[in-house]
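A.B. asks: Sequence:
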Amino acid sequence: MRIKDSVFYTDVLKELEYNFGSVYIFEGYVASEINSGITITWDEHAKQIVNDVTSFLNTDGSDLVYISNRINSYAVKPNDWLKFFTNSYSLKGYGVVANTKGSIMNTVIENLFFNKKIQRFNSLEAALQWAKDRVLVDI
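Per our numbering, the very first residue in the sequence shown carries number 5; after that it's consecutive.
Worth flagging that the hints you see were computed from the coordinates, not collected in a lab.
Note that CB positions come from ideal geometry on N, CA and C, so glycine has one too.
Possibly wrong hints are sitting among the right ones.
[Claimed, not checked] Cross-link-like lysine-lysine pairs, in silico, PhoX-like; alpha carbons within 25 Å at most: (1) Lys96 <-> Lys81; (2) Lys87 <-> Lys121; (3) Lys18 <-> Lys96; (4) Lys51 <-> Lys87; (5) Lys136 <-> Lys8; (6) Lys8 <-> Lys18; (7) Lys136 <-> Lys96; (8) Lys18 <-> Lys51; (9) Lys121 <-> Lys136; (10) Lys51 <-> Lys8; (11) Lys51 <-> Lys121; (12) Lys121 <-> Lys96; (13) Lys18 <-> Lys136; (14) Lys121 <-> Lys81; (15) Lys96 <-> Lys51; (16) Lys81 <-> Lys51.
[To be verified] For each label pair, taking beta carbons as the anchor points, the in silico distance ranges come out as: (17) Asn76 <-> Gln133: 20 to 28 Å; (18) Thr90 <-> Met5: 33 to 41 Å; (19) Leu140 <-> Gly41: 35 to 43 Å; (20) Lys8 <-> Asn126: 13 to 21 Å; (21) Leu86 <-> Glu129: 29 to 37 Å; (22) Glu21 <-> Asp47: 16 to 24 Å; (23) Leu140 <-> Tyr13: 17 to 25 Å; (24) Asp47 <-> Ala130: 19 to 27 Å; (25) Val139 <-> Glu19: 15 to 23 Å; (26) Thr90 <-> Val11: 34 to 42 Å; (27) Ser127 <-> Val16: 13 to 21 Å; (28) Asn39 <-> Phe60: 17 to 25 Å.
Model the full assembly from the supplied sequences, consistent with the hints where possible.
C.D. replies: Below you can see the structure in the form of structure tokens.
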């Protein structure tokens with residue numbers, strides 16, 4: 005399910021549109037939907053998203069939960085997570101909504117480079133509820 009098609013869309017504070025996908029900023033959490041066929045890298049994609057989100061919310065991300073709503077097939081350059089952390093960014097939590105075998109395998113590989121456990125979900129609703137809950141408690 006796309007975020008725009010969900011009941012959660014009314015809670016979006018800001019929508020960021022890029023040529024490679026969309027990012028939705030909520031109170032305390034962020035969700036993305038990346039276009040099919042993209043390989044997300046720090047320099048070409050993630051750095052821009054991080055700069056835009058942290059500027060809008062005036063945060064380093066340590067108080068944010070990130071949800072990757074993988075409605076399309078795309079890849080992430082997993083070792084670029086190291087660049088995220090080297091630039092002094094962090095996250096309160098990271099969740100992935102994925103139903104395909106390839107998306108689940110990508111998450112397993114990403115988890116090798118991400119410094120916390122990546123939560124996996126089968127539905128957008130479960131992921132966004134988890135994100136809302138993380139905003140209220142310290143992980």
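A.B. asks: For every hint, state whether the structure bears it out.
C.D. replies: Hints and how they fare:
1. The suggested pairing of Lys96 with Lys81 holds, with an alpha-carbon distance near 21 Å, which does not exceed 25 Å.
2. With a CA separation close to 18 Å, the supplied pair Lys87 and Lys121 stays within the 25 Å bound.
3. For the suggested pair Lys18 and Lys96, the alpha carbons sit about 20 Å apart, so the restraint of at most 25 Å is met.
4. For the proposed pair Lys51 and Lys87, the alpha carbon gap of about 9 Å is at most 25 Å, so the pair holds.
5. Simply put, Lys136 and Lys8 have alpha-carbon atoms about 18 Å apart, close enough for the 25 Å limit, and the pair holds.
6. At roughly 12 Å between alpha-carbon atoms, Lys8 and Lys18 fall within 25 Å of each other, so this suggested pair holds.
7. Annotation: proposed proximity of Lys136 to Lys96 holds, straight-line Cα distance about 12 Å (limit 25 Å).
8. The suggested pairing of Lys18 with Lys51 holds, with an alpha-carbon distance near 18 Å, which does not exceed 25 Å.
9. Between Lys121 and Lys136 the alpha-carbon distance is near 17 Å, which keeps this suggested pair within the 25 Å criterion.
10. At roughly 24 Å between alpha-carbon atoms, Lys51 and Lys8 fall within 25 Å of each other, so this suggested pair holds.
11. For the given pair, Lys51 sits about 21 Å from Lys121 by alpha-carbon distance, which is consistent with the 25 Å threshold.
12. Annotation: proposed proximity of Lys121 to Lys96 holds, straight-line Cα distance about 11 Å (limit 25 Å).
13. Restraint check for Lys18 and Lys136: satisfied, since their Cα atoms lie roughly 17 Å apart, inside the 25 Å limit.
14. For the suggested pair Lys121 and Lys81, the alpha carbons sit about 17 Å apart, so the restraint of at most 25 Å is met.
15. Taking the CA atoms of Lys96 and Lys51, the gap is near 18 Å; set against the 25 Å cutoff, the hint holds.
16. For a cut-off of 25 Å, the pair hint linking Lys81 to Lys51 stands: about 13 Å separates their Cα positions.
17. Roughly 22 Å separates the CB atoms of Asn76 and Gln133, a value that falls within the hinted 20 to 28 Å.
18. The supplied range of 33 to 41 Å is met by Thr90 and Met5, whose beta-carbon atoms lie about 34 Å from each other.
19. Distance hint check for Leu140 and Gly41: the Cβ-Cβ separation is about 36 Å, which falls inside the suggested range of 35 to 43 Å.
20. One distance hint, 13 to 21 Å for the beta-carbon pair Lys8 and Asn126, holds here, with the actual separation near 20 Å.
21. For the pair Leu86 and Glu129, the beta carbons lie near 32 Å from each other, so the given range of 29 to 37 Å is met.
22. Between Glu21 and Asp47 the beta carbon distance is about 20 Å. The supplied range of 16 to 24 Å therefore holds.
23. A hinted range of 17 to 25 Å for the beta carbons of Leu140 and Tyr13 is consistent with their spacing of about 21 Å.
24. Taken as a hint, the range 19 to 27 Å is violated for the pair Asp47 and Ala130, whose Cβ atoms sit roughly 32 Å apart.
25. Roughly 19 Å separates the CB atoms of Val139 and Glu19, a value that falls within the hinted 15 to 23 Å.
26. About 38 Å separates the C-beta atoms of Thr90 and Val11, a value consistent with the hinted range of 34 to 42 Å.
27. Judged by the Cβ atoms, the range 13 to 21 Å given for Ser127 and Val16 holds: they are separated by roughly 18 Å.
28. Between Asn39 and Phe60 the C-beta distance comes to about 21 Å, which sits within the given range of 17 to 25 Å.
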